[in-house]
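**Student:** Below are the chains, spelled out letter by letter.
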Amino acid sequence: MTHHAPDQDSRTLSAHFARGFGLAYTGLMRALEPPFAAIQKRVGIKGMAYVFVAPNMIIFSVFVALPMILNIWYALTGSNRLMIGERPFVGLDNFSALLDCKDYLDVNSCKQDRFWRAVHNSVLFVALQVTAMVALSLVTALILNGKLRARGFFRAVFFFPVLLSPVVVALIWKWILQRDGLLNALLLSSGGERVAFLHDASWSFFWTVFVSVWAHMGFYALILLAGLQAIPADLYEAAEMDGTPKWRVFWRITVPLLLPTLLVVVILSLIRAVQAFDEIYVLTGGGPGTATQFIVQYIYETAFANQVHLLGLAAAASLLVAVVLMVLTLLQLRISYHGKTS
Amino acid sequence: MSLIRALTSTRDQRSMHITDWLTYGFLLLGVVLMFGPALWLAASSLKTKSALQEFPPSFLPMGQKEIKLADKPDGLPVYLVPNGAGQSVELALQRRIGLIGLFIDPAKPEADPVRAKMDEVKPVRELTVAWDNYAEPLRRFRFDRFLGNSLFVTIVSTVLTLLVNSMCAFALSKYSFRGRDAMFVFILSTLMVPISVILIPAFLVVTSLGLTNSLWGVILPPIATPTGVFLLRQYMLTIPDELIDAARMDGASEWRVYWRIIMPLAMPALAVLGIFSVMWRWNDFLWPLIVLSREESFTLQLGLATFQGELDTQWHYLLAMTMMTLAPVVIVFTLLQRHITTGIASTGLK
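Protein sequences, first through last, are from chains A and B.
Its first residue numbered 14, the first sequence is counted upward by one per residue in the numbering used here.
Its first residue numbered 115, the second sequence is counted upward by one per residue in the numbering used here.
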């Protein structure tokens, strides 16, 4: 028998946790005080700025900035050696190999047909996924913004998959879509026929789009919901007093004022869709065949998973992706800037 | 037009309109589609291997009842056997000879076995929860190791991210020094450089430092997040400089200003970044996939992804492992739901 109510127990537990955390923080920071004081004595108050910036900038330079530059070197060199000194300079060979195509719409006429297949798949995926993502998250946000009972609950429902790891998302759906899975059971019991969802090229492609929309929609819905709630309520009140029809209010107030947020959502989801990899890799492995192989998987496999590591080719491909992402990012900045000036 | 009306007209409070029905229909569908799959996973993960192979599947973990008899190590399956008098009794199947089964009464195991045709008996089903699905992977597949690795990576990189990013943000927001704006623009310009674009050279750097197959190879590269620095800097700009000046007058060192004044005041922004960092690291997949190739250094996500290839026929373990990977996230989410959703809405981070 315990004398505490369970609620009280958990409260004291979290209080202990918070106190332990506070003690650890204070202890660590106090311990660091003497060395930093010694440094300050040498470099002065102004000089401390560089000391504070240093750890971040060192890690940043070594693991982000340096690789960005090295990537260009990889793209301009050949062979399967990882060490840059051992790689012979080949100029633009990797790029010309990637771009060697008689007809860009016909994958089989390309020298690097796997690359172009991945590009084609990615383009189709991005088009379908972003359209579905934006449309569904907009509808969800509009509905969640209405007068609702249990809004917090519904918001959590749509948001919940965002937190799941890509591997977990893929396994949840793999379990449902497999041959003897729930979906086939439902299909059979309603008189349909069994479908090999993950072994049929078109179905498999459909499910990659569906699953990635399922997993990320809540994130965009949340951003749009914040955008909707930022629209001043008195605009709606004024429109209501004037007796403006609802659809007119929607087109004249909601749409124009939500537009900047909506554009940010479009670009953000574009940027993410171009990089789609992990859920799909675990769900379909790029298959059947190469039906759901996208550009990041091509880069990963060309560089690391295939028997011969064609690092130069993969680096060239990743530079092309980087250019696309850069254009999209500039577009986003331009839109936000435009939104602010007009 | 009716769709738009449906989306906008839930504001008035009269009785249920057709549009309200549409709204709640959409929400209901949402609940089923968003929660359903995870719930199905949870229910399935409690089923025994044989129950998982049943088709069509049942929602609850039902399995055939088994009885253990004193002289036999294995449980015997229990069937409903007609006893000739129009009734059925529960008997345990001892042996099968072709289409005939030899059944014994668990209450009287010494009595002669009853013979019955197998197509006349019915298996007795009961709720069988297979907790072993959860316990076994921990013993057999070094799942505990993966769990430990994931915890280590998540905790260490979150602590380091918060420390390193906040130090940098403090300097960028509260000092004026040469190269400050250049540094800030430099960091910002890489905001959109995802790891997938610099995989190869980042791998070279990690290899050169001897960090492949080391958890530090996973922890270090993403620590200096541009998003984190940006978020914290914007927040710290709102902290009044007078507080810092006053502390300096009292003789506080710069480090003391940082940890006694700036950090506690930047708590809301730190909390948001901390939650995201935990999420990012716990769920990270592509980078660990490249850095870690030895099984003992796998994180949970890697272990799970590897096993899903190898254990394709062992879904009972796979499902339980997935549940164990999912559980911490769900717990954190239920505890911190409000922080997370407002954090995302206000920063656009993910």
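The hints are simulated quantities; they were obtained by calculation from the structure and are not laboratory data.
It is possible that part of the hints are untrue.
Stated by the list, open to error - In silico BS3-like links for lysine-lysine, alpha-carbon gap of 30 Å or less:
| # | chain 1 | residue 1 | chain 2 | residue 2 |
| --- | --- | --- | --- | --- |
| 1 | B | Lys288 | A | Lys54 |
| 2 | B | Lys179 | B | Lys163 |
| 3 | B | Lys236 | B | Lys288 |
| 4 | B | Lys236 | B | Lys179 |
| 5 | B | Lys163 | A | Lys59 |
| 6 | B | Lys236 | B | Lys222 |
To be verified - Partner residues aside, some chain B positions facing chain A, computed with beta carbon under 7 Å:
| # | residue |
| --- | --- |
| 7 | Phe140 |
| 8 | Leu143 |
| 9 | Val145 |
| 10 | Pro151 |
| 11 | Phe169 |
| 12 | Pro170 |
| 13 | Val278 |
| 14 | Met281 |
| 15 | Tyr289 |
| 16 | Ala338 |
| 17 | Val443 |
As the list claims (entries may be wrong) - A partial selection of chain A residues facing chain B, derived with a Cβ cut-off under 10 Å:
| # | residue |
| --- | --- |
| 18 | Arg55 |
| 19 | Lys59 |
| 20 | Met96 |
| 21 | Cys114 |
| 22 | Tyr117 |
| 23 | Leu118 |
| 24 | Val120 |
| 25 | Pro174 |
| 26 | Ala183 |
| 27 | Gly205 |
| 28 | Val208 |
| 29 | Ala327 |
Cβ coordinates follow ideal geometry from the N, Cα and C atoms, glycine included.
**Student:** Against this structure, judge whether each hint is valid.
**Tutor:** Results for each hint:
1. B:Lys288 x A:Lys54: 19 Å, holds
2. B:Lys179 x B:Lys163: Holds. Lysine 179 of chain B to lysine 163 of chain B sits at ~14 Å (cutoff 30 Å).
3. B:Lys236 x B:Lys288: Cα-Cα ~78 Å, so violated.
4. B:Lys236 x B:Lys179: Measuring from Cα to Cα gives roughly 11 Å; hence the hint holds.
5. B:Lys163 x A:Lys59: Judged against 30 Å, a Cα distance of about 66 Å means the pair is violated.
6. B:Lys236 x B:Lys222: Within the cut-off at roughly 21 Å; holds.
7. Phe140: Check passed: Cβ of phenylalanine 140 of chain B comes within 6 Å of chain A, closer than 7 Å.
8. Leu143: 11 Å, violated
9. Val145: Interface hint status for valine 145 of chain B: holds (5 Å vs cutoff 7 Å).
10. Pro151: Interface hint status for proline 151 of chain B: holds (5 Å vs cutoff 7 Å).
11. Phe169: 5 Å, holds
12. Pro170: Result: holds, 4 Å to nearest chain A Cβ.
13. Val278: Since chain A brings a Cβ to about 5 Å from valine 278 of chain B, closer than 7 Å, the hint holds.
14. Met281: 4 Å, holds
15. Tyr289: Status holds, d = 4 Å.
16. Ala338: With a closest approach of 4 Å, the alanine 338 of chain B hint holds.
17. Val443: 5 Å, holds
18. Arg55: For arginine 55 of chain A, the interface hint is violated, since the closest Cβ of chain B sits about 12 Å away, which is over 10 Å.
19. Lys59: OK, holds: lysine 59 of chain A within 10 Å of chain B, min 6 Å.
20. Met96: 7 Å, holds
21. Cys114: 23 Å, violated
22. Tyr117: 22 Å, violated
23. Leu118: Where the cut-off is 10 Å and the nearest Cβ of chain B is about 26 Å from leucine 118 of chain A, the hint is violated.
24. Val120: 22 Å, violated
25. Pro174: 6 Å, holds
26. Ala183: 8 Å, holds
27. Gly205: It is violated, given that the least Cβ distance between glycine 205 of chain A and chain B is near 13 Å, above 10 Å.
28. Val208: 14 Å, violated
29. Ala327: Interface hint status for alanine 327 of chain A: holds (6 Å vs cutoff 10 Å).
The structure fails to meet hints 3, 5, 8, 18, 21, 22, 23, 24, 27 and 28 from the earlier list, while all remaining hints are met.
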